[in-house]
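One line per chain: the protein sequences are A and B, in this order. At position 173 of the first sequence the residue is numbered 172 (numbering that gives the first Met the number 0), and the sequence of numbers has no breaks. At position 187 of the second sequence the residue is numbered 186 (numbering that gives the first Met the number 0), and the sequence of numbers has no breaks.
Quick caveat, the hints were computed from the structure, so don't treat them as lab data. The structure presented is a predicted model; accordingly, all values stated were derived computationally and were not measured. Heads up, a few of these hints could be off.
[What the hints assert, rightly or not] Derived contacts from chain B toward chain A, CB cut-off under 10 Å, selection only: (1) 77; (2) 79; (3) 108; (4) 132; (5) 157; (6) 158; (7) 161; (8) 168; (9) 172; (10) 174; (11) 190; (12) 197.
Even for Gly, the Cβ is constructed at its ideal location relative to N, Cα and C.
Number of protein chains: 2
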Amino acid sequence: MATAKRASGRPREQRVDTSIAEAVHALIDERGYAGLTVDAVAAHAGVSTAAIYRRYATKQEMTFAVLLHDMREESPADTGTLRGDLRALTEQIAAQVRGSGAGTLPGLLADIRADPELRARFEATFLTVERGIITTLLDRAITRGELTRRPDVGLVQALLLGPLYAWLIVLDEDPAYAPELADLVAATATVALTANLLPDAAWSGTPNPESLT
Amino acid sequence: MATAKRASGRPREQRVDTSIAEAVHALIDERGYAGLTVDAVAAHAGVSTAAIYRRYATKQEMTFAVLLHDMREESPADTGTLRGDLRALTEQIAAQVRGSGAGTLPGLLADIRADPELRARFEATFLTVERGIITTLLDRAITRGELTRRPDVGLVQALLLGPLYAWLIVLDEDPAYAPELADLVAATATVALTANLLPDAAWSGTPNPESLT
Numbered sequence: 000m001a002t003a004k005r006a007s008g009r010p011r012e013q014r015v016d017t018s019i020a021e022a023v024h025a026l027i028d029e030r031g032y033a034g035l036t037v038d039a040v041a042a043h044a045g046v047s048t049a050a051i052y053r054r055y056a057t058k059q060e061m062t063f064a065v066l067l068h069d070m071r072e073e074s075p076a077d078t079g080t081l082r083g084d085l086r087a088l089t090e091q092i093a094a095q096v097r098g099s100g101a102g103t104l105p106g107l108l109a110d111i112r113a114d115p116e117l118r119a120r121f122e123a124t125f126l127t128v129e130r131g132i133i134t135t136l137l138d139r140a141i142t143r144g145e146l147t148r149r150p151d152v153g154l155v156q157a158l159l160l161g162p163l164y165a166w167l168i169v170l171d172e173d174p175a176y177a178p179e180l181a182d183l184v185a186a187t188a189t190v191a192l193t194a195n196l197l198p199d200a201a202w203s204g205t206p207n208p209e210s211l212t
Numbered sequence: 000m001a002t003a004k005r006a007s008g009r010p011r012e013q014r015v016d017t018s019i020a021e022a023v024h025a026l027i028d029e030r031g032y033a034g035l036t037v038d039a040v041a042a043h044a045g046v047s048t049a050a051i052y053r054r055y056a057t058k059q060e061m062t063f064a065v066l067l068h069d070m071r072e073e074s075p076a077d078t079g080t081l082r083g084d085l086r087a088l089t090e091q092i093a094a095q096v097r098g099s100g101a102g103t104l105p106g107l108l109a110d111i112r113a114d115p116e117l118r119a120r121f122e123a124t125f126l127t128v129e130r131g132i133i134t135t136l137l138d139r140a141i142t143r144g145e146l147t148r149r150p151d152v153g154l155v156q157a158l159l160l161g162p163l164y165a166w167l168i169v170l171d172e173d174p175a176y177a178p179e180l181a182d183l184v185a186a187t188a189t190v191a192l193t194a195n196l197l198p199d200a201a202w203s204g205t206p207n208p209e210s211l212t
């Protein structure tokens, strides 16, 4: 499977990487994702199109790499409660969606969906990482005694991601409200997890809950 | 603003409408939304491309009209509880997303986002109708005494739509699980509404709660 051919850490190459990333962001702001072209990125970044194609096979791969790089998630520090941990994560998700431009994600998600290779990379580099973080937060809650078992992680991911994506992407609502929505999503997910609202199948007690997702 | 130039109810024109709709569905199943063309729809439907362009200015408008037509929502019958009413609605949303093809919606949403006119029509013909239905369900809950006031309808919409869209579109998870997720979403939204989890701003008590959305 082709991966982005990123040059190793030579300073000149790193500057090119940075210029390309800045150009992608600037041009998406200016003309939207649909209007983004490799030629325009090359011109804006002051690099040759060959320099871009050495790194990325297509516009989609370039955009994916630049935006997903910015969307890297990390496990939030332990806040002492499941609700606090989930809020830290939903705030991170909300910041990501806003940072990558809510206007860009629909086009990028459509391209990811249409290309099996990008889809596999999205799954591996983004969704799997996020499920790993959610697993960490759930396991902390089990250690604290807030939960007795780990539920289906994919289901929890849908509860956490969904309302923020819907608010910012589908409904195209005010991004300024995203932090309050992040708080609400964390609160409702916590209730869903602790007040036994999840369907039995989500707690099927298989040795490896990941197999359910 | 251009609207789809639908011919009035002459039987021949209705047959053409039906043939176009069937062709759009068949070709999306066969080759995906990205591979859909007006030429292919005309050939499959046995109509001229002119007949399509008399109705729709673009491929996007045609697909939008066909899929959104199938996505028409109606207020579910009163089930006697807020949770039951919300579940009836989330089941309807899940069936919609599955019916229109989870593989189609990302591309269609991207095209809607990129075209201000389609965006305005999506807002008017779909999102506003759905918010009207949610308003009806919330008002029933107020009449029953389950809620004291009507909260921000857009926020409730995000809570209801979001996890189902995330599950089926972003996470690309098993559609067979959608009914259980619909039930979970209805349960968590009911708790969010009745257990005072919504932020104060969602209940700001303006005379017309629609103005918050």
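Proposed interface contact between residue 190 (chain B) and chain A, which counts if any beta carbon pair is under 10 Å: holds, 5 Å
Agreement of hint residue 132 (chain B) with chain A interface, Cβ distance less than 10 Å: violated, 15 Å
Per-residue hint verdict: residue 174 (chain B), partner chain A, C-beta under 10 Å: violated, 13 Å
Restraint outcome when residue 197 (chain B) is required to lie within 10 Å of chain A by C-beta distance: holds, 6 Å
Chain A contact restraint on residue 108 (chain B) - CB to CB distance below 10 Å: holds, 5 Å
Minimum beta-carbon distance criterion (10 Å), residue 79 (chain B) to chain A: violated, 20 Å
Hinted contact residue 161 (chain B) with chain A - closest CB pair below 10 Å: holds, 3 Å
Restraint outcome when residue 77 (chain B) is required to lie within 10 Å of chain A by C-beta distance: Hint violated; residue 77 (chain B) Cβ to chain A Cβ min 23 Å, cut 10 Å.
Status of the residue 157 (chain B) interface restraint (C-beta, 10 Å, chain A): holds, 4 Å
Hint check, residue 168 (chain B) versus chain A [nearest Cβ-Cβ separation less than 10 Å]: This hint holds: residue 168 (chain B) lies near chain A, its Cβ roughly 7 Å from the closest one there, short of 10 Å.
Closest C-beta approach of residue 158 (chain B) to chain A relative to 10 Å, hint status: holds, 5 Å
Residue 172 (chain B) as chain A interface residue, shortest Cβ-Cβ below 10 Å: Nearest chain A Cβ about 6 Å off; hint holds.
The structure does not agree with the numbered hints 1, 2, 4 and 10 stated previously, though it agrees with the rest.
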